[in-house]
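Novice: Next come the chains, spelled out residue by residue.
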Amino acid sequence: MASVLARDGLLRRLRGDGVSRPVIDPGLAGGLRDWLEDGLVESVAALPTGADVVRVNKDSLNRVLLCEAHLVAGRRAPRVVTAELARGSLVDALFRQWVTTGVIDDPWADAVASFDVDGDRDGVVAFVSGLPEAHRCRLAAEVAEHAANLVERWPSPSPAWLPRTQERVEVPLCGGRVVLAGVVDLVLGSPAHDRASVCLVELKSGTRRLEHRPDLHFYALLEALRSGAAPFRIATYYSGTGELDAEPVDEDTLVRALARVLDGAIRLCRLTAGVEPERRPNNLCAWCVGLPGCAPGQKRAGTDVALVSSGHGGREGALS
Amino acid sequence: MTEVPARVAWLTDALMAPVADEVAPAAWAQLRDELVRDLRALGAELPDGERLQVDAFKVRLAQRHPDRCISIDDTFTPSPRTCRRAVGVAAVNRCVRGHSPNPAVAVAAVLAEGLEDAAVADRSGAVRAPWWARWYAGLPDGGRAVVRAEAVTWATQLLTSVDWQQVPRPVIGGRDDWWQCPAGTPIVFKGRADVRALVDRRPALLVVGTGCCPADWRVELGYPGLVAALCREARVSPCRVVGVWPQSGQIRILPIDAAALRATATAVVAGVATWVDSRIEKERATRDSVSGALSVSVDGALA
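In order, the protein sequences belong to chains A and B. Just so we're aligned: the first sequence equals residues -5 to 314 in the working numbering. Just so we're aligned: the second sequence equals residues 562 to 864 in the working numbering.
No incorrect hints appear here.
So the derived label-pair ranges between C-beta atoms look like this:
| hint | chain 1 | residue 1 | chain 2 | residue 2 | range |
| --- | --- | --- | --- | --- | --- |
| 1 | B | V681 | A | D257 | 57 to 67 Å |
| 2 | B | W739 | A | V17 | 47 to 57 Å |
| 3 | A | V74 | B | W692 | 32 to 42 Å |
| 4 | B | L676 | A | A138 | 20 to 30 Å |
| 5 | B | R612 | A | A142 | 51 to 61 Å |
| 6 | A | G96 | B | A575 | 29 to 39 Å |
| 7 | A | R250 | B | W739 | 44 to 54 Å |
| 8 | A | A71 | B | A824 | 38 to 48 Å |
| 9 | B | D702 | A | T76 | 22 to 32 Å |
| 10 | A | V17 | B | A575 | 23 to 33 Å |
| 11 | A | E36 | B | R625 | 27 to 37 Å |
| 12 | A | G21 | B | W692 | 42 to 52 Å |
| 13 | B | I841 | A | G21 | 49 to 59 Å |
| 14 | B | A824 | A | R49 | 22 to 32 Å |
Derived from the structure by calculation, the hints contain no laboratory data. For clarity, every value in this text was computed on a predicted model and none was experimentally measured. A virtual CB, placed ideally from N, CA and C, is assigned to each residue, including glycine.
Chain B on its own, in the form it takes in the complex (with noise of 0.2 Å):
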C-alpha cells in the first residue's frame, strides 16, 4: 500500500465515496422543465442574432461583479494562464498512465507534440492541433519558458493532490461537457471539470480552483455538475463535485443532489439574466453612437 500525505487520502476518499443519494427522475425533470422555461423567458429577450455561450467564468463574474460583464471582451486571447491547465491536464494524464515519470517530462512531451501537430495541421491539415499549439509555436524562446513552467506548475499540484492509484480509470481532462437549451433558445452552456471518476457508474467530478476558495463555492462547483447532469439521464448524472484549491490548501465537497442542482440553477439563470441585460444594454449603447454618428454627419452635410 502507498502511503499518502493524509490531505491527499482524504481528498480521495471524499472523491470515491459511495453514492449517497439519488436525484428522484421526477424531481430532476421538473427542476429542468423550470430551468428551460426560465432560460427560453430569458433568450427571447437577447437582441436579435445574439447567441449566449456560458461557462462558469460567467457565472462567476455575474454574481460577484455584474457591473463589469457589459464590458467583457469575448474575444479569446491565449496567455501562459489560459494555456497552464490544457498542457497540465494532458501532462497529469501521462504521469497516471504511466507514459511519462513525472510533470516536468510530461509537459515537455505534451508541447512538442503540440508543436508537431501545428507543424503537420499546417500542412496538410491531416491532424487537429490543441488550441494553443500554434500560439505556442510562434513564440519566441523566453515566452515558451514561461508557458512551460506555469503548466509544470499546475500539472504538480493536481498530479499530488490525488492519490491516483484509488482512482480507477480517471478521465482526465476530457471533453468538455456542452448543453445547449432546447426549441431553438439562443443559450448554451458549457461545463468543465478536470478529473472525472466514475462511483457507482455515476461521474465524480474534480475541479481545479484557483487562489483560494471564494464563499460562493457552491455555485463554482454547482455549475460543471448541472451542466454534466443536463447532458445526462438522471440516473448517470454526477454524484458530486469535488473542488481542490491548490494554492490555499482548500477542499470542498458539494453533493450533487436535487437541493444542490435547484440552488445551482437559480443562481445560473440570474447570472443568465444579468448576461442577457448586459447585452441588450451594450446592443442600445451601440445603436445610440451610430444613430449620433449619422446625426452629427447630416448637421455636417446640412452645414
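So that you can see chain A by itself, here it is in the shape it has in the complex (with noise of 0.2 Å):
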C-alpha cells in the first residue's frame, strides 16, 4: 500500500499536478537559438577548415567547464570503464526495460543481455565479465537492489503519455559545425500545441549531487531548441534511495542553461582551434588522468598520483 502511494506521489510530481503548465511563446525557441550562434559565430569561425565538428554534451560540457586541461587529458587517455559507470549503465538498462515492458524478472541476465544484443559497444559485457568473482557477485547485487527499488517505487507510465526511452535530441548549430547533443532517459508526453507537455526524466544509480541540476536545464534547452517548446517539467531520479528532484522549466531556466551552453561551447571550439587549454585546480584534481603533468594540479591534489575510483592501479579513492 506505501509503495502504491509512493508510486502516485512521483506520478502527482511528475505531472507537476495543480500547477498550470506554461503557454508556448513560438518565438522562444528562435530567440535562443538565435543568442546561441550569435555568440558562436566568431568561435566557429577561427575553427580550422576541415576541423572535426564541435560536440557539446553534458559531459564534455562538464569537463571543459571544470577544467579545460582536465578535458583534454581526458580524451587522450584510453576510455576506461569502473565499476560506478558500469552499474550506472546497467541500471540504465533496466529503467529503460521497466518503463517499456513493465517487467524486470531477472536483473543481472537482463542488463547484461541488453549490452549484448547491441554488440557491447560500450565494453560494459566485457567490464563485468573480467571482474574478479567477488566484485562481480557485489556489482550484481547492487544492481539487483536498485531493480528492486524501481520495481517497487517506480511507477509504470501510462502508455498513453508516450513514454519513449533514451531519446537523442541533437542540435546543430552554426551550420552543423557545432551540435549540441544528449540521449534523455525517459521523455513523457506528446509534443506541445500550446501548452507545455513534455516532462524529461533523468535517472541516476549514484549520490544525489547538486551538479546534476545543470545536467537536466541542459536537455530542457536542447528539448526547447529541438522542437520549438520547453517541457514543462524536467527531473531527475535516483534509484538507490528513490529520492526525486523535480522542477518546473521556465525561461529563466533556458537563459542560464544557455549562459552555460555558451561559455562551454566557446571553451570546446577553442579547443579544437588547437589553443592550450586552460588550467583550473578543482578538487577532482587528484582524479585527473592529466595529474602527472599538471603542475597547479599538482599543488592542488599535493601529489602527482592520481587516484583512481575503481582499484585498478594508482591509488583507490571515491569519487563520491
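Got two chains here, separate frames each, mind docking them using the hints?
Specialist: Given below as C-alpha cells:
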C-alpha cells in the first residue's frame, strides 16, 4: 500500500499536478537559437577548415567548464569503464526495460543482455566479465537492489503518455559545425500544441548531487531548441534512494542553461582550434588522468599520482 | 478540427501540398537513357560475376567516406537499431489505422505477431515471418526489451511528426522500390520511403532520418525519389520527398523536378563509380593475396 502511494506521489510530482502548464512562446526557441549562434559565430569562424564538428554534450560541457586541461587529458587517455560507470549503465538499461515492458525478472541477466544485443559497444559486458568473481557478485547485488527499488517505487507510466526511452536529441548550430547533443533517459508527453506538455526524466544510480541540475537544464534547452517548445517539467530520479528532484521549466531556466552552454561551447571551439587548454585547479584534480603533467593540479592535490575510482592501478579513492 | 503543433501542421501541409511541377516525359526519358548508359559502362567494369546492389546507405557512404567502401562487409547483422524501423513502421501503421491506441501497445503487438509468425514459419513454412522475427525470437528478455524500447521511441517520433487525419490512405512502410538496370547490367537500386501519400495521383514520400540533417540532404532525399521514378512512368513519378529528422527537429522538402532528378542521378552515378572501383580493388587484393600465398607454398615446397 505504501509503495502504491509513493508511486502515485511520484506521478503527481512528474505531472506537476495543481500547477498550470506554461503557454508556449512561439518565438522563444528561435530567439534562443539566434542568441547561441550569435555568441558562437567568432569561435566557429576561428575553427580551421576541415576541423571536426564540435560536439557539446553534458559530459564535455561539465568537464570543459571544470577545467579545460582535464577535458583534454581525459580525451587522450583510453576510455576506462569503472564499477560505478558499469553500475550506472546497467541500471539505466533496467530502467528502460521497466518503463517499456513493466517486467524485470532477472536484473543481472537482463541488464547484461541489453548490452550484448547491441554488440557491447561501450565495453560494459567485457568489463563485468573480466571482474573477479567477488567483485562481480558485489556489482550484481547492487544492480539487483536498484532494480528492486525501481520495481517497488517507479510507476509504470500510461502508454498514452507516449513514454520513450533513451531519446537522442541533437541540435546543429552554425551550419552544423557545432552540435549540441544529449540522450534523455525518459521523455513523457506528446509534442506541445499551445501549452508545454513534455516532461524529461534523468535516472541516476549514484549519490544525489547538486551538479545534476545543470545536466537537466541543458536537456531542457535542447528540447526547446529541437521541438520549439520547452518541457514543462524536468526531473532527476535516484534509483538508490527513490528521491525525485523535479522542477518546472521557465524562461530563466533556459536562459541560465544557454549562458552555461555558450561558455562551454566557446571553450570547446577554442580547444578544437588548437588553443592551449586553460588549467583550473579544482577538487577533482586528484582524480585527473592529466595530474602527472599538471603542476597547478599537483599543487592542489598535494600529489602527482592520480587516484582511480575503482581500484585498477594507482591509488584508490571514492569519487563521491 | 484537431489541434496539432505548428511544426506538425507545417510538415503535413508540405507533404500534401498540390503538385506544382511535372517532369516532362521527354526530359525524363532522356535523363533515364543517360543514367542507363552511364550505369552500363560502370557495370561492365565490375569483376566477373559481381552484382552491385545500391541503397541510400551506400550512396551516402560513397559520397562522404569513399575510402571506407572497400572495407565494408555486405553481410547484414540484425540489431535493435537495424530493426527499429521495420517494427516501428508496422506499429505506426497499426496506430494510424486505429488498431492500436499508441506506439507502446502497437510495438508490443507487432513483436508478438512476429514471434507467432516465426514459430509457424519454422513448423510449416505456410507463413512468411518478418526478417527480424527469428533473430528476435532467439534473444533473451533483456535483449528483447531493448528492441522494443528502440522501436517504441522510433515509432513515437514518426507518429507524432505527421497530422495523419490530413493524409488520406497513407502507405506506411510499404514495399521498397527495386529497379534493375536494363540489358543485364549487374546493378540494382533499392529505394525506401517510410510513408507514401498520394497527391494528385502522384506519390509524395516521407523519409525519417537519424541525427541531424546532413549537408548533402538533397541526395539523401533525392535517391528514394529517383528510384521510385525509375520504377514508374513519368506522369506518376513522385512529386516530392519530405525528410524529417526527429532527433534534431529538422524538416526538408525536395520537389522531384527535372533538376532534382538530374542532380541526384549525377551524385548516384558518382557513388556507383566509387563502389565499382572498390570492388575492383578488393578483387585485385584478393587475387594478389592468393597468388602471394601460392608463391610462398611453392617456395616452401622447393625448400
